[in-house]
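Spelled out from the first residue to the last, the chains are:
4 protein chains.
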Amino acid sequence: MATHKLTEEDQDGFHYTVGPYFDPVLEIEPGDTVEVETEDAFEGVIESENDKPSEVLGDNLNPQNGPIYVEGAEEGDALAVSIESIEPRGPQPRGTTCMIAEFGGLTATDRTAMLNEPLPEKVKKLDVTTDGTIWNDDITIPYEPFIGTISTSPKIDSVNALTPFKHGGNMDLPNVRPGNTIYLPVNIEGGYVYLGDCHAAQGDGELHGVAIEHPTNTTITVDLIKDWEIEWPRLEADDYIMSIGSVRPMEDCARIAYKDLIEWMVDDYGYDKWEAYMLLTQVGNVRLGNMVDPNYTIGASIDKEYL
Amino acid sequence: MATHKLTEEDQDGFHYTVGPYFDPVLEIEPGDTVEVETEDAFEGVIESENDKPSEVLGDNLNPQNGPIYVEGAEEGDALAVSIESIEPRGPQPRGTTCMIAEFGGLTATDRTAMLNEPLPEKVKKLDVTTDGTIWNDDITIPYEPFIGTISTSPKIDSVNALTPFKHGGNMDLPNVRPGNTIYLPVNIEGGYVYLGDCHAAQGDGELHGVAIEHPTNTTITVDLIKDWEIEWPRLEADDYIMSIGSVRPMEDCARIAYKDLIEWMVDDYGYDKWEAYMLLTQVGNVRLGNMVDPNYTIGASIDKEYL
Amino acid sequence: MATHKLTEEDQDGFHYTVGPYFDPVLEIEPGDTVEVETEDAFEGVIESENDKPSEVLGDNLNPQNGPIYVEGAEEGDALAVSIESIEPRGPQPRGTTCMIAEFGGLTATDRTAMLNEPLPEKVKKLDVTTDGTIWNDDITIPYEPFIGTISTSPKIDSVNALTPFKHGGNMDLPNVRPGNTIYLPVNIEGGYVYLGDCHAAQGDGELHGVAIEHPTNTTITVDLIKDWEIEWPRLEADDYIMSIGSVRPMEDCARIAYKDLIEWMVDDYGYDKWEAYMLLTQVGNVRLGNMVDPNYTIGASIDKEYL
Amino acid sequence: MATHKLTEEDQDGFHYTVGPYFDPVLEIEPGDTVEVETEDAFEGVIESENDKPSEVLGDNLNPQNGPIYVEGAEEGDALAVSIESIEPRGPQPRGTTCMIAEFGGLTATDRTAMLNEPLPEKVKKLDVTTDGTIWNDDITIPYEPFIGTISTSPKIDSVNALTPFKHGGNMDLPNVRPGNTIYLPVNIEGGYVYLGDCHAAQGDGELHGVAIEHPTNTTITVDLIKDWEIEWPRLEADDYIMSIGSVRPMEDCARIAYKDLIEWMVDDYGYDKWEAYMLLTQVGNVRLGNMVDPNYTIGASIDKEYL
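Chains as they are written, first to last, in our numbering: chain P, 1 to 307; chain Y, 308 to 614; chain V, 615 to 921; chain S, 922 to 1228.
This is chain P alone, in the form it adopts within the complex (with noise of 0.2 Å):
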């Protein structure tokens, strides 16, 4: 099994869309360990608490790294990509959080369109190190990595880099942190890996919208199940196994997540369909992932005592 590096030179120039349409930076067998240079979900470009997002930041969003084309994977096929390590890297202040213009949970939005004025724009930068992101003299947010954003491509759509759906995306779920393993479809010849938007800390739901944003030294190594095909992306961790669901409105995530659930445990232990239902109303957890993106994100979850 080897290990890649993939620098910010390596990848010469972030994708801003997910798609089959861009040439992989990288080919790797499965197995293979990759060390991913991630930049900030802003591309570095907020640099201070006086800069403006409205001023200074462009269309293009959450820059991601790849596409990563995987030997032997295809159409039918699932990735399985375990998050090894997530480390922030670059000069202090690092870490990035703003409230932006008519973005956000608590705010008109260019989709829930309202006449009220926007909110104003606000900056922090902050000093982030593995022992946590100092928020104020009295606050220090605990180093919870994960990634944002993870995908593989669609089949013949370019989504953007901002919307999560069934090829993962801007899930913004902080399960998907180190320890942890996501799986992903794969649609095309290769399946194509991206990723980006590294987190420092979130909380559920990614309130306003942009978390602790920091570019990181991101190692993932990918896996490749042959003849797994799965709708929806799931995750598993040491204790618990995860459906991920990403639509709009918020309820149809957690149906979507719960649903794929329940089939997972029926094809793959051993569950009686209804059994699974009754069961995970009375043991399930939910986890919100964002209310903020394009589509919303939702993990549905059982502990593996229960299976």
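Careful: at least some of the hints might be erroneous.
Here are the simulated DSBU-like pairs of lysine-lysine, each with C-alpha atoms no more than 35 Å apart in a straight line [said to hold, decoys possible]:
| id | chain 1 | residue 1 | chain 2 | residue 2 |
| --- | --- | --- | --- | --- |
| 1 | V | K666 | Y | K462 |
| 2 | V | K918 | V | K619 |
| 3 | Y | K580 | P | K125 |
| 4 | P | K273 | Y | K432 |
| 5 | Y | K611 | P | K304 |
| 6 | P | K5 | P | K226 |
| 7 | V | K739 | V | K619 |
| 8 | S | K1046 | P | K155 |
| 9 | V | K736 | P | K52 |
| 10 | Y | K533 | Y | K611 |
| 11 | Y | K580 | P | K122 |
| 12 | P | K52 | Y | K580 |
| 13 | P | K273 | S | K1043 |
| 14 | V | K736 | S | K973 |
| 15 | V | K769 | Y | K429 |
| 16 | V | K887 | P | K273 |
| 17 | Y | K611 | P | K52 |
| 18 | Y | K580 | V | K666 |
| 19 | P | K273 | Y | K359 |
I should point out that these hints are in silico values taken from the structure, not numbers from a laboratory. Every value quoted in this text rests on a predicted model; they were computed, and no experiment measured them.
Given chain P, work out where chains Y, V and S should sit, using these hints.
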């Protein structure tokens, strides 16, 4: 501080709608404790796994004890209901869960109306003790009881016992458990506390709509907070505070809960509004109560270490 | 067939919630006609364009006349309420519309909660006659009056007069106009008809939440249809039939309305279920009543030429 | 002004996703007319009522002609596409509608995921002429053709042909009919017009998801409006203007459409924002395009007499 008993006999008829139109069954002073004999959500009529819900259930579900009149409570106040203990009562198998036709999270309902055939009806009768619920030979579900439905009276409306809203109601939120305190708005003189529908355990979302329902002895202490006008229910545990929103679609639950939590942080903990918004984005927690009732329920919380 | 008058004096106090807990103000026989003096949705307290809604409006909005008891009506029946005529009454400017803070279709509300500042309050007082509403020097809006809120009583709940649901209520659907008949379910003995909130005109969706409100003399004829169990309101015009759904989110209104219409076509017009589904796909019509009330309202209809 | 032909042969392969990644099949000057041979939404593979959609349909649906490159079109411009005529073509029965499993407005889908069994599959093959569609011996549905899917290219994304959004796409809005003009945003050089999916008739909402699909000769004239930046599609008829929103949930479609219409009234017709908001509340019209596609579609309009 007196301790009262509210037995089934005292209750002398449960209520299936929550409003100002019934006479109190008990009058208490602020600070008093009440031991309540609650029935299960089906009032005990599902006695065997051969019972079909569609045949044994009538129009009236989710029987509520109360109303309990609290001396001195006036519109603009809040009640603080501390859950002291919940203990199962009645003969075994005292636990019930079931799949009810056209009700639940993964089926067409009277609201999400479709032409698909309904799911099958299924009943499980379960032995429940404080050691847990015997689900089957392999699985015992820990006893983690909570009050599924608790409310004050709306001002002029009478809300079905199945519906959660600003007055509390059928939130099905596991955080309403022993050790925690729920705050409810007072809309009429005496406040009128109604409660029932205790669950021996429940997963997030209460997936098919029926948790492990069981009759209980539930002990609460009711305090009065003068001149604390709250719009939605709030909850306090040893280590966090939570605001609770119940509407449809589900994203609006999250919006309500987080917005109310921000207002709470501003009013009572000295936070600046935007500071609270930005901090919750990084450390806020979301709990999905139900995804099945006429309104869905989400609680948004923050750990007290951040306050 | 008798004709009754229900004046403001007879009414002697309006209702702001619709349920079984009030005494009838009038008892009629099936087939009787009633002339009702309705108030506007603000009970006339907005008298000038200088009035601020937030200052002059109290908690109780949308005053309802009734309840009217219909002899012989029992649970499982339906009432057929034919709207005979609606005429403006009272001194000019008798028409009112206004922007109310945190209410309406293009603003954050208590349900779609946000942190944005509310929109400004604005009031228009308007001259309304049967020739139209004088909007300004250039625009006269045709007088197309209808009943904004009409309902029977729910069985045990009392639903706020602002909320539409299975019992009818605040549907704000322009099809409830003279010449048409609305069918409402009977849930309690006597049915209990409540009505009010007549509009001189209204666009689809009632965008900011307040149509051209005005006091009226509204004449209805109430017939009783024995043993016709309907779950949602239905409506009949000379040339079409319509089913009406009121919930959130809006797609569920459309689902309810179309599903109910299919059932109506099957039960009363001999349609095969799938034939009805496929035909409505090609010729069904949808009318958006409101996009602002606690539940939204959609009517789905089919022209009688297809029946 | 030239007239071009875009035959199936010229097209030489349809597109099932709409974006900037394909080469233009035709280059035109602003003001030119194009006669397009469109296929039906199933590319003609449903040939008999015995065909099962699940067996004959592949992954790629809704074939699109194009892209058509418009000289001089640049980001920030708009295209004005006037629909000159739509005529049915091909051998009878040239019309097709069908119920597709897990697709449609009254069934569980991959997004509104449920455990119910899917509805049956059913196909109708129909004779379509300009005199109408022969539905059965009793019913002929008038020929009211329109373009179901028409779009410009998004800037970097490639959106599935089944999805409507800011670029237009699968709006299924009957107002896109001969005599009317649709305005679409230009996001890339040349604009890239894609179109297909013409319907011989369709009810509001396109209830089960498949209108009367048919191959056509569709003639459009494409004009270029420099420096008119529009965010969502707009449409103009002889007697009204309309803004079009496509997202989920459905209320957000209505919000987008009405908000955009207000902005149009302000920018081009001299309206004050609040005046427009208040007037639309009284005279605005709403048309439901689809309630079945990945995004729903609503058009909000105002009659020109009010402008």
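To see whether the hints hold, each was checked on the structure:
no., hint, in the structure
1, V:K666 / Y:K462, "holds, 24 Å"
2, V:K918 / V:K619, "holds, 34 Å"
3, Y:K580 / P:K125, "holds, 18 Å"
4, P:K273 / Y:K432, "holds, 18 Å"
5, Y:K611 / P:K304, "holds, 31 Å"
6, P:K5 / P:K226, "holds, 25 Å"
7, V:K739 / V:K619, "holds, 28 Å"
8, S:K1046 / P:K155, "holds, 31 Å"
9, V:K736 / P:K52, "holds, 33 Å"
10, Y:K533 / Y:K611, "holds, 23 Å"
11, Y:K580 / P:K122, "holds, 12 Å"
12, P:K52 / Y:K580, "holds, 19 Å"
13, P:K273 / S:K1043, "holds, 27 Å"
14, V:K736 / S:K973, "violated, 57 Å"
15, V:K769 / Y:K429, "holds, 28 Å"
16, V:K887 / P:K273, "holds, 29 Å"
17, Y:K611 / P:K52, "holds, 32 Å"
18, Y:K580 / V:K666, "holds, 27 Å"
19, P:K273 / Y:K359, "holds, 19 Å"
Consistency note: the structure conflicts with earlier hint 14 alone.
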